[in-house]
Amino acid sequence: MAKTIIPIGPYHPLQEEPEFFQLVVEGEKIVDAIANIGYNHRGIEKLSELKTFDQVAFVVERICGICSTSHPLAYVRAVEDILGNDCVVPERANYIRTIIAELERIHSHLLWIGLAGHFLGYNTVYMWAWKERETVLDIFEELSGNRNNYAMMRVGGVRRDFEEKSLAGVITRLNKLIDFVQMIKKAVLDDPVLHARLKGVGVLTKQDCIDYCALGPTARASGIANDVRKDDPYAAYDKVKWNVITQIEGDVFAKAVVRILETLESINIVIECMQKMPKGPIYDNVKDIPCGEGIGHIEAPRGECFHYVRSDGTNRPVRHKVRAPTYMNLPTYKEALIGETISDATIILAAIDPCYCCTERVTVIDANNKKNKTVYSQQDLIKLSQRKTEQIRAKLGAR
Amino acid sequence: MSIKLKALLKSPWVFHLSTGSCNNCDIEILDCLTPRFDIERFGMVLVGSIRHADVLVCTGSVNRKCIPRIKEIYEQAPKPVIVVAIGECSLSRGMFINSYNCPVPLDKIIPVDVYIPGCPPKPEAIIAGIAKAIEKIKANANKK
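First to last, the protein sequences are chains A and B. Note that my numbering has the first sequence beginning at 2, numbered continuously upward. Note that my numbering has the second sequence beginning at 38, numbered continuously upward.
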């Protein structure tokens, strides 16, 4: 059967960020898929080298709007790694870091559940999940002063303290949120339509996950209990009780279940942290960053987020490397997508919760091409489009 | 007021274009559609194709790979079109002003009618910005 290429993007109504996919199809079946990203590249690693250590925390916050506390947290942990024993993060700061990171996980997972519903044409889920997500954003506004971009992390601790009087109200609202997530859980797990659309679709086996080094919920849905919060506890994760959620099926349904159950775990972590939080200072004053290099890795909502910072003793980093979770998760579409039908492509591509603005630290180039040309320039796309039009014309017998 | 303009202002359809943003503004735009803010009560709908749109909403610091595509999308839009720049990045490139991949702000590439500042602007600010743009165009049309 003749192969056809279906282009998706770069600007398409499905996802908010620009990215370009080519699906090679035979009839309805996808036989190959090519991703081309780079529409979000802003040169953040280079910008970091122009800023002081304190300012970089704000720069990395703008890597991604959804993970706007994961990147600063990973970065400050990398700088604290350089400092070693010179910097001791106070206990209260550790709890505040945990609370902010977990609230972010709740809002990110609710956002994904909503968008997944939207991709399936199930807009009720979209509206419901996003309505309840506003609760979390209100809590953020009350605790940190902004709905997104919280600017809470600093080297040696956190920037702002919580007001004691607002905590009781926050816990009441989170308890209400638990009821809602339970309702969504019941609605998703019992819905025959969602079972038909999601079960056995886009299966990623355990071996595939290991081969592609998948991270976060993508790996946990395939039976790999990989979670930085348990494997290498940071902040206050070793002081509260919680479980790593895993499923064994590896399909889109399992990924949805993992995210919904994780939301419940996160709400419990936040409530427990707020009750246990000790009083005391919120940051350790750091004067100079010595020579050296440090790494910081934390569990972002999408998987492990990794930062590497090198210092030469001045007030600016000489090298800052960022590896976001989607960088590892994105190539798994090769296993999950091939062999499925076009109608399932959208939800399979969305199932890893891709975040292209996190991923795009480098411009994509064709390694086989010596001239370092981007894989598809606009001229190439126009050429491809014209060639396709010619083919269709020839087939229809017109001119 | 011409009938074309009257129809446009009654129910402006919005096309959203991310020119290399950090997702925050994009999510706040989507947030406008959800029950808390419910932008559909003003007749505004997010559409999938620029050819259906009356308003082009741009976010993000414009990056090199996007520039030819932004121009093309602007050319494809049926005129008159209202261009709205949302967020500090598309206004002035914000903190990406020194970046090698963000050479010019958005209004050097296509004409911009409305600027909504903020990092990110709250959904209330986005709705107020678009509503103000509609009022302004109405006032200008009535003057003529």
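Don't read these hints as lab results, they were simulated from the structure. Even glycine gets a Cβ: it sits at the ideal position worked out from N, Cα and C. Possibly wrong hints are sitting among the right ones.
[What the hints assert, rightly or not] Okay, the calculated beta carbon distance ranges per label pair: (1) A:Pro279 x B:Lys108: 53 to 63 Å; (2) A:Val245 x B:Asp75: 11 to 21 Å; (3) B:Tyr137 x A:Gln387: 39 to 49 Å; (4) B:Asn177 x A:Asp192: 47 to 57 Å; (5) B:Glu112 x A:Asp33: 26 to 36 Å; (6) A:Arg388 x B:Arg78: 22 to 32 Å; (7) A:Asn124 x B:Ser86: 32 to 42 Å; (8) B:Ser86 x A:Glu391: 38 to 48 Å; (9) B:Arg78 x A:Lys396: 43 to 53 Å; (10) B:Lys108 x A:Glu391: 34 to 44 Å; (11) B:Lys41 x A:Gly146: 41 to 51 Å; (12) A:Asp192 x B:Asp75: 46 to 56 Å; (13) A:Glu29 x B:Met38: 46 to 56 Å.
Violations among the numbered hints:
2, 3, 6, 7, 8, 10, 12
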